[in-house]
Amino acid sequence: MITFSRNKLRWFNNKTISGEQLFFAAFALSLIASFVFNTTFMDYLNVNYVNLVNYLAFALLIVKIYIFDNFKWYEYIGITVILGLAFLSWRRTQLSNVMIMFSFIFAARGISFNKIVRQYFNINLMLMLLTMLYSLAGIIKNLAFFRGTTFRYSLGTDYPTDFSAHIFYLCLAYCYLNYKKMGWLQWLGILVIDYLTYLVTDTRVDALLMILMVLVMLSVSRKLNTKLKKFIASSYWYLSIVLPYSYVLITYYFTFSNPVMVKLDQALSGRLALGKEGFDKYGITLLGKRVIERGWGGSDGLHMMKNNPGKYFFIDSSFVRLLVINGLILGIIALLILVGISLRETVKQEYLLPAILFLVVSSSLIDQHMLEITYNPFMLALLSCVPQTISGGLKNGKVKENNDW
1 MITFSRNKLR
11 WFNNKTISGE
21 QLFFAAFALS
31 LIASFVFNTT
41 FMDYLNVNYV
51 NLVNYLAFAL
61 LIVKIYIFDN
71 FKWYEYIGIT
81 VILGLAFLSW
91 RRTQLSNVMI
101 MFSFIFAARG
111 ISFNKIVRQY
121 FNINLMLMLL
131 TMLYSLAGII
141 KNLAFFRGTT
151 FRYSLGTDYP
161 TDFSAHIFYL
171 CLAYCYLNYK
181 KMGWLQWLGI
191 LVIDYLTYLV
201 TDTRVDALLM
211 ILMVLVMLSV
221 SRKLNTKLKK
231 FIASSYWYLS
241 IVLPYSYVLI
251 TYYFTFSNPV
261 MVKLDQALSG
271 RLALGKEGFD
281 KYGITLLGKR
291 VIERGWGGSD
301 GLHMMKNNPG
311 KYFFIDSSFV
321 RLLVINGLIL
331 GIIALLILVG
341 ISLRETVKQE
351 YLLPAILFLV
361 VSSSLIDQHM
371 LEITYNPFML
381 ALLSCVPQTI
391 SGGLKNGKVK
401 ENNDW
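So for the sequence shown, the UniProt record's numbering puts the first residue at 1; every next one is plus one.
I should point out that these hints are in silico values taken from the structure, not numbers from a laboratory.
Please read all numbers here as calculations on a predicted model, not as lab measurements.
In this text, a Cβ means the ideal position worked out from N, Cα and C, and glycines have one as well.
Mixed in with the good hints there might be a few duds.
What the hints assert, rightly or not - As a list, the in silico DSS-like pairs of lysine-lysine whose alpha-carbon atoms are at most 27 Å apart:
(1) 227 to 348
(2) 263 to 281
(3) 276 to 289
(4) 181 to 348
Said to hold, decoys possible - FRET-style restraints, in silico, Cβ to Cβ:
(5) 253 to 73: 43 to 51 Å
(6) 77 to 148: 52 to 60 Å
(7) 188 to 48: 18 to 26 Å
(8) 264 to 44: 13 to 21 Å
(9) 292 to 243: 24 to 32 Å
(10) 212 to 115: 42 to 50 Å
(11) 260 to 115: 25 to 33 Å
(12) 51 to 24: 15 to 23 Å
(13) 290 to 184: 43 to 51 Å
(14) 51 to 208: 33 to 41 Å
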């Protein structure tokens, strides 16, 4: 294995193509394809062709991992096993997002994490603006859903919560990239964006998450000058375990006979009851299974909402989805990766990434986007080159490659 690693396809050594170039080409392809897949552009596109773009990105990442990178032989075994499980999950569930995410996590070895987040931000911001523009111009559909007497607009995305989730993750990326420059004007700007998003989409929980984002980001400010502030900042890594564990437990034991649970379910727009239905109907498997879901998203979902709302069934929580759809093994691996990044940074007294991942976990309790590359680039911090920071500020510009995992 070592000999092969050092002599991989010698003609690549001409450096006409680098592993970093392959990675960012795959990243751009996957971001665009995955974003478009969840918009009303799909009314005019063939889903198989869009999926092919993601499969091409996956192939480029495999080349980067096994040809350009130099993992140790036992690391290659671990990577191959995990990617094999993710591939099997794709075949069993017909959902490729977990396989794509894991391939990006491993292929990010040696890549600047700042570059990853910056490319994510630039591409997704452009795609969001174009999608909004095309939907408002009537070129693609701006689907209008309703809750009671309130209309909720998706602005070219499949569903209002998808739109608000994109805004949430874009704001997280902005906070990460510009943390040293963040002042009250920037925080106020995020709150204004939150308010405008709420007016358009009526996504209540997502609006609260944006407010939480500002509070959490302020708690890891560059000067942790009080014991309380440092205690809060150093707590985010283990809260990223406690929250999903508690949420899954509450969902699993949810019952309509408990008035407290019913109130909580109402506050979460029925997510507990739907998650419980998923556990009861499909159970927890080791390697996952295909689950038939019928959500409100897209033109077909809007038609179902108007004509046959009783058919609705969708598991929103990323953590419940991992257990019911993708299987226990991949669910544990995903959580270990997320918590591992947070713990590693906390031990170094670097609190920005743990705070961001805590917000990702909080959002993932109620949405399905944690392992979708078009939303969440932050799990790619596992093996990429993360700058050494002092609570978000660059420390002499030093960058450390994360080789141990």
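Against the structure, the hints come out as follows:
1. The hinted pair formed by residue 227 and residue 348 meets the criterion: a straight-line CA distance of about 17 Å does not exceed 27 Å.
2. A threshold of 27 Å between alpha carbons decides the hint, and for residue 263 with residue 281 the separation of about 23 Å falls inside it, so the pair holds.
3. Distance restraint check for residue 276 and residue 289: the Cα-Cα separation of roughly 17 Å lies within the 27 Å cut-off, and the hinted pair is therefore satisfied.
4. As the CA atoms of residue 181 and residue 348 are separated by approximately 22 Å, the hinted pair is consistent with the 27 Å bound.
5. Taking 43 to 51 Å as the suggested C-beta distance range, the pair residue 253 and residue 73 conforms, at roughly 44 Å.
6. Between residue 77 and residue 148 the Cβ separation comes to about 55 Å, which falls inside the hinted range of 52 to 60 Å.
7. With their beta carbons about 45 Å apart, residue 188 and residue 48 fall outside the hinted range of 18 to 26 Å.
8. In this structure, residue 264 and residue 44 break the distance hint of 13 to 21 Å, their C-beta atoms being roughly 41 Å apart.
9. Restraint check, residue 292 to residue 243: a C-beta distance of roughly 28 Å satisfies the suggested window 24 to 32 Å.
10. For the pair residue 212 and residue 115, the beta carbons lie near 28 Å from each other, so the given range of 42 to 50 Å is not met.
11. For residue 260 paired with residue 115, a C-beta distance near 46 Å fails the hint of 25 to 33 Å.
12. Between residue 51 and residue 24 the C-beta distance comes to about 21 Å, which sits within the given range of 15 to 23 Å.
13. A C-beta distance of roughly 49 Å is found between residue 290 and residue 184, which places it inside the suggested range of 43 to 51 Å.
14. Under the hint 33 to 41 Å, the C-beta atoms of residue 51 and residue 208, about 34 Å apart, fit the expected range.
Comparing the model with each earlier hint shows violations of hints 7, 8, 10, 11; every other hint is respected.
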